[in-house]
Amino acid sequence: MRPDSVSSIFWLIFGIPVAFISYKLGLGELTRPGPGFLTFWCGVILCGLSVVVFVRGRITGVGGTAKGISQLWIGVKWSKALITVLVLVAYALTFGRVGFLASTVVLLIVLFRAIDPMRWWVAIVVGVLASLISFVVFDMGFQAQLPHAYPETLLFKLKKILF
Amino acid sequence: MDYFSQIAYGFSIALTPVNLGYCFIGVFIGTLIGVLPGIGPVGTMSILLPTTFHIPPASAIIMLAGIYYGAMYGGSTTSILVNMPGEAASVVTCLDGYQMARQGRAGPALGIAAFGSFIAGTMSIIGLMLLAPPLSKAALAFGPPEYFSLMVVGMTLVIYLASKSIAKALMMVVLGLILGNVGIDATSGAHRFTFGILELHDGIGLIPMVMGLFGISEVLINVEQSLKREIFTKKVKGLLPTKQDWKDSKGPIARGSILGFLLGILPGGGAFISSFVSYAIEKKISKHPEKFGKGAIEGVAGPESANNSATGGAFIPLLTLGIPSNVVMAVLLGALLIYGVEPGPMMMKDHPDIVWGLIISMYIGNGMLILLNLPLIGIWIQILRIPYRLLFPLIILCCLIGVYSVNSSETEVFIMIIFGGVGYLMKKFEYEAAPMVLAFVLGPMLENALRQSLVISNGSFAIFFTRPISLVGLSLAILLVISPLIPWLSKRRPPIAED
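If you read the sequences in order, they're chains A and B. For the first sequence, the working numbering assigns the number 1 to the initial residue and increments by one for each residue that follows. For the second sequence, the working numbering assigns the number 1001 to the initial residue and increments by one for each residue that follows.
Looking at chain A on its own, in the form it has when it is part of the complex:
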């Protein structure tokens, strides 16, 4: 199936509930449009355009440069993009509990090693340094309020002692 056919089906599936939910929200009157007025018509237009893109692809053969959906991932190492996303999701799930420093050190080392492997010592040194520097600059400097755990508290104690 052509990429445009696949994507148009997705947008159709996306557009129908948008129009439905908007209708439920209330379209109002033309003299006083309701909260669902604009989004309802957006949902309808999105569905209409999805059909246009789908039909155009099927009838004229126009539909993106790739002929099949699998061609979009030929010649690239798509697993690297997938690993990056999975690592990011794992990070987002844990960094609030584990704290910024520990989770970020692990994140960076994993990314340095898993995607385009660097030497272990380079990955560890850069990972630790980048995490520390970014914490000092953004949290201690710009008060970014990153998640704190034991190592972060320790750094603040160290700051109190030193300054």
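Everything labelled a hint here was simulated from the structure, so no lab data went into it. From a predicted model like this one, the values you see are computed outputs, not experimental measurements. Cβ coordinates follow ideal geometry from the N, Cα and C atoms, glycine included. Incorrect hints may appear among the rest.
The list that follows gives simulated cross-link-like pairs (lysine-lysine, BS3-like), each with its CA atoms no further than 25 Å apart [said to hold, decoys possible]:
| no. | chain 1 | residue 1 | chain 2 | residue 2 |
| --- | --- | --- | --- | --- |
| 1 | B | Lys1427 | A | Lys80 |
| 2 | B | Lys1294 | B | Lys1283 |
| 3 | B | Lys1250 | B | Lys1284 |
| 4 | A | Lys77 | B | Lys1283 |
Here's a subset of chain A near chain B, in silico, CB distances under 7 Å, partners left out [unchecked claim]:
| no. | residue |
| --- | --- |
| 5 | Pro3 |
| 6 | Ile13 |
| 7 | Val52 |
| 8 | Val55 |
| 9 | Leu72 |
| 10 | Asp116 |
| 11 | Leu132 |
| 12 | Ser134 |
With the hints as your guide, set chain B onto chain A.
Structure of chain B alone, referenced to chain A:
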């Protein structure tokens, strides 16, 4: 305040040590991200936005703007030396700039790019200074129907200029409008598409969305490809162009400056389009079009001047009407709103420190950029040597910190990752993110203007066609929409600005 007092006031703001510092940081970071492929001005501005919450709005805008026009300078370095554009607006510079480098003329190519950028950047700031105040006054007469029409024209132009499919660009605009209206409706108090998620009550954040679409997705696309670069570093000498180079370049620089400024003002226009149109014009009017693509200095001077000039022009609709003309301006609009500053006709009166401080800082920033880009070219060449495998985890880290620090929200980190994935798929399936982000930012304003217009007119759409400015705007939008049906117009359709 009269005109000269305003300029003097601008100097008094921009020349304070603090603002000079922020201006320098902005242009330095701008040049840096312009040099480095893989992260553009939109992503960088979003990353740094949270760090500006603790500084005065004028300083923050001076720094963020510096990133934008600084990136235009830096982008040419990578195009000329590596044949890889540092940011979208420098794509066309690769054609002749890299060929000049191959012929041992990297120095004059870098030199003319920097001088052309300086001249064009300065001319566009003069244009901005002259045009912004009268336009701002004229904009006071605009009501909801006029604003609605202008926003429709802006979005239509973005659709019209889409490099791939108009239908797909229109879908992205519609999607942007839907996403822009997520949250509590200010008029009725209804919860729209919030699904009980507290973070969505105020709508989807611009920062997580932009960082996902332009930062994370770019990383995902880059990590799955093996990038091999050949850098012409040893041949960079003689940065000052020769007399003949200047003779060949003066016309392209002048034309690029004017063209870039005018295209920058247009909603949907910007640096990317300006550089392409400038290249096309220079090639068309050249006595030696066959030299283009083989190292013609005009092919560097024109586009580089145009993309810098466009940055000045792009500020006009934002500062006078409160309407962003491209994605970078949309991020700046978001920033101004976060600082509690409402861009629009009253901005010059209510916040002259920001407007005039910004304009004058752009003069100063242009001067700083010449110094950064010519004598310090060696530093940027060294930075080009940083391998991407070392760079991309740090880009991701900046995105994560940037998003989290806005509201200390883990949900927003997830929103960024989701948009990162969406952006990756959009690139694969050839959907453009720029129309979506522009519509996302304009969505709430457009809905407001539409609802107010309908209330004023008692439900009659005729209000949009009986007021002259609105009529002209909507007529232009309709013409653009039906233009694909007109063969000679559709043949002249230039590609979109992703800047």
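Going through the hints against the structure:
At roughly 16 Å between alpha-carbon atoms, Lys1427 (chain B) and Lys80 (chain A) fall within 25 Å of each other, so this suggested pair holds. Taken as a hint, the Lys1294 (chain B) and Lys1283 (chain B) pair is honoured in the structure, with Cα atoms around 12 Å apart against an allowance of 25 Å. With a C-alpha separation of about 16 Å, the suggested pair Lys1250 (chain B) and Lys1284 (chain B) falls inside the 25 Å cut-off, and the hint holds. With a CA separation close to 38 Å, the supplied pair Lys77 (chain A) and Lys1283 (chain B) exceeds the 25 Å bound.
Checking Pro3 (chain A) against chain B: minimum C-beta separation of about 5 Å stays under 7 Å; hint holds. For Ile13 (chain A), the interface hint is violated, since its Cβ never comes within 7 Å of a Cβ in chain B; the closest pair sits about 13 Å apart. A hinted interface residue such as Val52 (chain A) counts as satisfied when its beta carbon comes closer than 7 Å to some beta carbon of chain B; here the least separation is about 6 Å, so the hint holds. The restraint placing Val55 (chain A) at the interface with chain B is violated, with a minimum CB-CB distance near 11 Å, outside the 7 Å limit.
Residue-level restraint check for Leu72 (chain A) holds (minimum Cβ-Cβ distance to chain B is 5 Å; threshold 7 Å). The interface hint given for Asp116 (chain A) holds, since its Cβ lies 4 Å from the closest Cβ of chain B, which is under the 7 Å cut-off. Given the 7 Å rule on beta carbons, the hint for Leu132 (chain A) is violated: about 12 Å separates it from the nearest Cβ of chain B. Proximity of Ser134 (chain A) to chain B holds as hinted, the smallest CB-CB distance being about 6 Å (cut-off 7 Å).
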